[in-house]
Amino acid sequence: MTMTSRRALLGALPMTIALSLALPGVGAAQDVVRIGYAVAKSGPNATGAGITTIPNYQMWVAEVNAQGGLEMPDGSRRMIEVVEYDDRSNTEDLVRAIARLAEQDKVDLILPPWGTGPNLAIAPLMDKAGYPHLAVTSVTDKAPEFADRWKRSFWMLGGGHDYAEALVQTLVAAREAGQINDQVAMISVADGFGIDLVSAARPAFEAAGFTLAYDETYPLGTSDFAAIMNEVQRSGADSFVAFSYPPGSFGVTKQAQTMGYNPKVFYVGVGGAFPNFPQVAGGKAGGVMSIGGVDSASPAIQDYFQRHTDSAGSPPDSWASAVTYASLEVLEQAVQRVGLDHQALAQEIATGTFQTVVGDLKMQDNQLRDLWWVGQWQGDKFVAVNPAERQGATAPVIPKPEW
Amino acid sequence: MGYVFSAIAFALLAVLPLFAGDYGTGLLVGLMGYVVLASAWALFSGPTRYVSLATVAFFGVGAYVVAVLNEVLPYPVVLFCAALTGAGMALVVGLSTLRLAGIYFVIFTFGLAELVRQLITWFEVNVTGTLGRYIFLDLTARDIYWQLLALAVLTLGAGWWIRRSRLGLALRVIGDDEVVAAHAGIPVARTKLVLFVISATIITLVGAVQAPRWVYVEPSIVFNPTVSFLTVIMALLGGANRLWGPVAGAVPLFLLFEWLSARFPDHFSILLGLMFLAVVYALPDGVLAALERIRRPSVLKETKA
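If you read the protein sequences in the order shown, they are chains Z and V. Positions 10 to 412 (my numbering) are the ones given, in order, by the first sequence. Positions 33 to 337 (my numbering) are the ones given, in order, by the second sequence.
Treat the hints with care, as some may be off.
[Unchecked claim] Just some of the chain V residues that point at chain Z, by a computed CB distance under 7 angstroms: (1) L48; (2) A52; (3) Y55; (4) L116; (5) S128; (6) T153; (7) V157; (8) R165; (9) V247; (10) Y248; (11) N256; (12) A294; (13) P297.
[What the hints assert, rightly or not] In silico DMTMM-like cross-links for lysine to aspartate or glutamate, where the CA-CA straight-line distance does not exceed 25 angstroms: (14) Z/K151 x V/E103; (15) Z/K293 x Z/E338; (16) Z/K137 x V/D170; (17) Z/K151 x V/D298; (18) Z/K137 x V/E324; (19) Z/K151 x V/D170; (20) Z/K137 x V/E103; (21) Z/K160 x V/E290; (22) Z/K115 x V/E290; (23) Z/K137 x V/E290.
Derived by calculation from the structure, the hints in this document are not laboratory data. C-beta atoms are modelled at their ideal positions from N, C-alpha and C, and glycine is treated no differently.
When you get a sec, could you build the whole thing from the sequences and use the hints?
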């Protein structure tokens with residue numbers, strides 16, 4: 010190469026840099042919608058965020074941008090520009106990142122982090138800055154209180170009582186049909202979710218006339234379930250319930266298979282609705298119950314599963330993923346109706362009805378109550394079982410087929 | 033001269049949040065939090081060379097005390113209880129472990145955070161039947177920052193005083209050689225214990241002061257081991273043996289991490305690990321010592337925070 014071309018190149022470089030710096034500044038104000046989020050990409054929350062939250066955000070942004078951007082009330086479209094931070098699973102860092110998004114980056118919208126704790130931590134700040142806060146992945150019985158405290162917050166995954174009581178309902182129906190006896194063996198992990206569910210389930214089981222033949226708690230991190238499962242098997246209960254986290258859900262399933270334990274109802278907690286659960290169960294997940302579920306006959310859900318598989322390389326989990334995606338659709342449609350004004354957006358989200366992958370969605374007192382509480386693996390799908398009267402529910406298979 | 037300068041610096045730091053927005057104040061809160069953590073950590077670990085990874089154990093306990101008591105007691109009393117709890121815990125831990133030699137101490141302190149976390153979990157599961165706790169205190173980020181700043185003044189003041197006292201001298205001897213120290217008539221265990229309790233109490237208070245920012249507290253949130261590691265690396269980077277060393281380490285590292293979390297949101301853990309290696313290999317005595325070595329004749333100059 011000659012000197013001239015190199016010199017020309019060098020001369021062009023500052024120009025290019027200047028242009029690339031200047032251009033977004035010129036066009037940014039009107040042409041893009043800046044959407045920010047801070048999620049856990051490292052640390053203990055990274056797994057949950059990586060399964061439920063991040064793939065849906067990425068897929069939604071890619072889809073919207075492929076259509077030319079977010080549609081505004083006047084019919085124009087604006088591309089989404091993402092500003093993302095890693096909160097390292099640290100609440101202090103998360104709160105600061107949200108302040109940064111609101112104040113430094115001045116993003117138009119903020120998407121929530123993963124988990125109950127993180128969403129509660131940012132709620133006061135979101136409220137102060139006026140952003141609508143779609144706290145999707147928060148499971149809390151105090152949702153009504155929070156919705157009242159922070160007027161622009163929306164709670165979309167119910168509380169521990171909902172899940173526990175729905176499970177009891179399902180078992181009551183099975184007992185009345187003569188499918189199971191009135192004995193339940195229950196184990197729970199000694200951590201957030203397990204405790205919430207078990208403390209709601211105990212009274213609910215008793216009130217429904219069930220006897221807890223076995224009721225023990227195991228520490229987080231337990232990997233050997235042989236002893237526990239032996240006692241569970243000896244308890245004589247027809248129903249086995251584990252309010253567990255993914256490692257425990259996988260562990261008890263494998264242990265039950267190893268020892269040939271076949272209760273008529275086999276219920277595990279978080280992780281039971283993960284797309285890889287059938288593999289964990291060696292292809293014999295059929296009949297296993299867990300939290301969540303989807304209306305697998307719905308074309309919207311089937312399409313969503315396909316798109317998620319194409320985009321993220323794996324199907325979504327069948328509990329919070331679809332709801333997370335639905336929250337983004339709510340946001341998209343609300344923006345299309347009223348634009349980006351926060352006050353109007355919050356108002357629209359609270360009162361409007363939206364077409365989403367989980368069906369027509371309408372908030373009640375800033376909460377999503379039309380949820381699936383209990384699901385069951387049937388074939389290669391994790392179908393919704395409870396509420397049984399809701400459209401899209403499938404009748405549960407009880408007793409569970411043998412492993 | 034030094035006092036006047038420090039006083040002016042702290043006065044400036046105190047009025048800073050009045051001109052900063054939410055993010056700026058949040059940055060100051062995080063920064064001041066780590067300045068105090070690193071300084072308090074170095075108070076004990078610097079002179080004795082006992083590397084403690086128990087920072088988050090005390091930090092988390094502080095946050096938990098606030099979470100448990102915030103609705104039943106007035107705030108200052110809650111803080112007092114937190115300090116008392118931290119001191120009591122440090123006393124028990126110190127009495128049972130400070131006779132351990134270096135490496136065993138490191139392992140024990142690392143386990144301590146997990147132990148405390150499991151104890152709290154056990155208690156919540158079996159006694160109260162809930163795990164998450166809520167903190168609804170009307171404290172702004174600014175209020176929290178001022179408390180942390182006060183704590184920073186207190187910590188640096190304590191560090192300065194200890195350095196001049198017989199206690200500091202005794203600690204330095206212990207750090208150089210425990211056997212010699214014992215033979216010279218220094219009450220080794222008691223000296224270490226006193227320092228450990230002071231350091232741990234301050235760390236507990238940092239957790240207590242910061243907790244209202246989080247609204248919701250559960251063991252997995254407050255006992256995040258990264259806090260312990262960051263504290264150590266910050267103190268070591270600046271130089272744990274100097275009064276201003278931890279400050280000189282905490283400020284640049286905190287800002288660097290803040291920048292990294294935005295620029296490289298996917299690589300934080302890798303960068304943290306590399307940083308650890310770099311500090312230990314390249315700057316074993318800290319930045320301040322390295323700077324001093326570069327410009328030899330100058331007197332010990334204390335860099336401003």
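Right, here's what the structure says about each hint:
no. : hint            : in the structure
1   : L48             : violated, 15 angstroms
2   : A52             : violated, 10 angstroms
3   : Y55             : holds, 4 angstroms
4   : L116            : violated, 24 angstroms
5   : S128            : violated, 23 angstroms
6   : T153            : holds, 5 angstroms
7   : V157            : holds, 5 angstroms
8   : R165            : violated, 10 angstroms
9   : V247            : holds, 5 angstroms
10  : Y248            : holds, 4 angstroms
11  : N256            : holds, 6 angstroms
12  : A294            : holds, 6 angstroms
13  : P297            : holds, 4 angstroms
14  : Z/K151 x V/E103 : holds, 17 angstroms
15  : Z/K293 x Z/E338 : violated, 34 angstroms
16  : Z/K137 x V/D170 : holds, 13 angstroms
17  : Z/K151 x V/D298 : violated, 33 angstroms
18  : Z/K137 x V/E324 : violated, 47 angstroms
19  : Z/K151 x V/D170 : holds, 19 angstroms
20  : Z/K137 x V/E103 : holds, 23 angstroms
21  : Z/K160 x V/E290 : violated, 30 angstroms
22  : Z/K115 x V/E290 : holds, 17 angstroms
23  : Z/K137 x V/E290 : holds, 23 angstroms
Taken one by one, the earlier hints fail for this structure at numbers 1, 2, 4, 5, 8, 15, 17, 18 and 21, listed in ascending order.
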